[in-house]
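Using the hints provided, position chain B relative to the given structure of chain A.
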Amino acid sequence: AQSVTQLDSQVPVFEEAPVELRCNYSSSVSVYLFWYVQYPNQGLQLLLKYLSGSTLVKGINGFEAEFNKSQTSFHLRKPSVHISDTAEYFCAACSRNGNKLVFGAGTILRVKS
Amino acid sequence: EAGVVQSPRYKIIEKKQPVAFWCNPISGHNTLYWYRQNLGQGPELLIRYENEEAVDDSQLPKDRFSAERLKGVDSTLKIQPAELGDSAVYLCASSGHMGGYTFGSGTRLTVV
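Heads up: the sequence lines are chains A and B, in that order. The opening position of the first sequence corresponds to residue 1 in our numbering, with each subsequent residue numbered one higher. The opening position of the second sequence corresponds to residue 1 in our numbering, with each subsequent residue numbered one higher.
Calculated from the structure, these hints are not laboratory results. One thing to keep in mind: the hints can contain errors.
Which residues of chain A face chain B? A partial, calculated answer using Cβ under 7 angstroms [to be verified]: (1) GLY43; (2) ILE60; (3) ASN97; (4) LYS100; (5) PHE103; (6) GLY104; (7) GLY106.
Positions of the beta carbon are idealized from the N, C-alpha and C atoms, including for glycine.
For reference, chain A alone in the conformation it holds in the complex (with noise of 0.2 angstroms):
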């Protein structure tokens, strides 16, 4: 079984700053690695997602993220953050022999001007 780790619950960040969203996992097999944002009273959206090959994976509003396979970790960044992306992030694990999407318990990521 999987287990997804969100290390920070929040995140304060200042408008254009760079910003580092942690997330560990863990599990006995390989698994495919996923980051969703939910914006206030509406579902979730896909940033991201690693299946195989390289490691660094960009996705939508300039989001990317690395998947280290030693620290099983995948970090989502971004370089330069906006007001809009203020949002919870959340962090998904399944794996490869699998449907069964385990998430993180999320981080609140709030920009300030």
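Relative to chain A, chain B alone:
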């Protein structure tokens, strides 16, 4: 292409009343999921369907929750009777192949 459609968006009911949620997945997606998201937490899987067969319902509280996916397309999730602790957002998702999950906007249930 239409996304995953859920209704209603919001529902307020009194405890002990029944409630039902509806989900229409993306056309052609064989796998359908119901997740529950409690306030301040990540979504947790309640049930997964492959076509019309429930293949993982281990986290579904079967004493009060039920689900069906007739003809392998639309799905309904029902709670009867609802309890205060059932207040949450209920998310439906579908996928056609690995890595292709799409979520609906969810139904926010408030039990009073």
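If you take the shortest Cβ to Cβ gap from GLY104(A) to chain B, is it below 7 angstroms? holds (5 angstroms)
Interface hint outcome for GLY43(A) [beta carbon to chain B under 7 angstroms]: Holds, about 4 angstroms.
Minimum Cβ distance from ASN97(A) to chain B below 7 angstroms?
violated (10 angstroms)
- Against chain B, is PHE103(A) within 7 angstroms by beta-carbon distance? Since the shortest Cβ distance to chain B is 3 angstroms, the answer is holds.
_Supplied contact hint for ILE60(A), tested at 7 angstroms Cβ to chain B_ = violated (14 angstroms)
Problem set entry | Satisfaction of the LYS100(A) interface hint, Cβ to chain B closer than 7 angstroms | Because about 6 angstroms separates LYS100(A) from the closest Cβ in chain B, which is inside the 7 angstroms limit, the hint holds.
| query | For the hint on GLY106(A), does the least C-beta distance to chain B fall short of 7 angstroms? | reply | With a minimum Cβ separation of about 5 angstroms from chain B (threshold 7 angstroms), the hint on GLY106(A) holds.
Violated hints for the displayed structure, listed by number in ascending order: 2 and 3.
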